[in-house]
Amino acid sequence: MGLERKVDIPIYDLSLIRGLWEVRVKKYRQRQKKEQQRIEKSALARIDQEWQYRIYCKTLKADERNLLHHYLERSRLIHTTQPHTDADQQQDEKAQGLGPLPDRSPSDLDQKDSDESRLIFQLDGDRWLDFPRELQWMTYLKEWHVSGTRICRLPDYLARFTQLTVLEIPKNTIAELPPAIGKLTELRELNVSYNRLSQVPPELGKCEKLERLELAGNYNLSQLPFELSGLKRLVHLDIAENRFVSIPICALRMSSLQLLDLSNNSLSDLPQDMDRLEQLVTLFVHKNNLSYLPQCLTNISTLKMVIVSGDDLYCIPTKLCSNPEIKYTYHSDTAALWNNSLVINTAPGSQQPEHTHTSPV
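Residue numbers 1 to 361, in the UniProt record's numbering, belong to the letters of the sequence shown in order.
Derived by calculation from the structure, the hints in this document are not laboratory data.
Hints may contain errors.
What the hints assert, rightly or not - Below 30 Å or equal to it, Euclidean Cα-Cα: the simulated BS3-like pairs (lysine-lysine) are: (1) 171 / 183; (2) 304 / 319; (3) 206 / 142; (4) 206 / 33; (5) 232 / 142; (6) 26 / 209; (7) 26 / 206; (8) 206 / 34; (9) 206 / 171; (10) 142 / 209; (11) 319 / 26; (12) 27 / 319; (13) 171 / 142; (14) 171 / 209; (15) 209 / 304; (16) 183 / 26; (17) 171 / 232; (18) 232 / 209; (19) 33 / 304; (20) 171 / 34; (21) 183 / 142; (22) 206 / 232; (23) 209 / 27; (24) 33 / 171.
Model, not experiment: these values are computed from the prediction.
Based on the sequences and whatever the hints tell you, model everything.
Structure follows, in structure tokens:
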């Protein structure tokens, strides 16, 4: 007769194990974040960048170093990253290698920190086909201003510039914005007007601190991704001179929007729920194919200026024209922008819109 054996089978609560693991992951990420913050606040990163820059300069010829010196002066970066000129090279040769960094007094360090808080990178002129190589080490920059060049793409290292607050790159030949732009979470202003964009990456919606977005004059741009609905701090949106046939849905969800420029597109009407933009002050819709303005505009109590134009415009809500804070007039030339005015631009000889009354400006 065989013996009966009892086997104890352990029973585990997988939810407890998962909970313990999630706690460990959370603590690990917190440690990583603190370490990253410590490195960013530390002077080690700046010192490393300065040495990397010096090493790079040692590979240049004398005329190249001097050219770089003048370039940095134009870019107003000379006070932070000193270029390695001929005199510096001679000192290095006498020392037979790289010596220690020069001593700086506390006041000098304070002044440098103060200067770095407003560092600006500037680049212009059609001789530029690409960004300068040394830019990749200047990740402490706060602003980029690049215009009038023949640069067609943003650098691969853009995501490193996590402290960037202003990215102004109009009037170049840039064909696309990389998804990495979503890493610039401190960005307040983005101007990519008059380039060659045909689309905007949805990752831009991660730049939740963005307050100003300018995309005018890209001509092939006809839509914006829905992910931009997350830009709740945006107060200025300019998408003029493009190929929009309707207002992007995401624009109607930008709850802080105060200025919306849709001029010179192919709009045939405005949506009936435009009053979702409760803080809208200025609306530019001239040079489109509008035949009327929707009644919902009268529900926007903050609205002070609407600019429209075109032969097809025949109907404007009476309430807009009777509002004492909004004046109504006709002009046959380019719309003039008066404070607290509704400027209606019509072609010579066109009829006065119905359901309106005029008041002197």
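Structure-based check of each hint:
no.	hint	in the structure
1	171 / 183	23 Å, holds
2	304 / 319	13 Å, holds
3	206 / 142	18 Å, holds
4	206 / 33	19 Å, holds
5	232 / 142	22 Å, holds
6	26 / 209	25 Å, holds
7	26 / 206	22 Å, holds
8	206 / 34	22 Å, holds
9	206 / 171	25 Å, holds
10	142 / 209	14 Å, holds
11	319 / 26	56 Å, violated
12	27 / 319	59 Å, violated
13	171 / 142	21 Å, holds
14	171 / 209	24 Å, holds
15	209 / 304	26 Å, holds
16	183 / 26	21 Å, holds
17	171 / 232	27 Å, holds
18	232 / 209	8 Å, holds
19	33 / 304	45 Å, violated
20	171 / 34	40 Å, violated
21	183 / 142	14 Å, holds
22	206 / 232	11 Å, holds
23	209 / 27	27 Å, holds
24	33 / 171	37 Å, violated
Consistency with the previously given hints fails for numbers 11, 12, 19, 20 and 24, ordered from lowest to highest.
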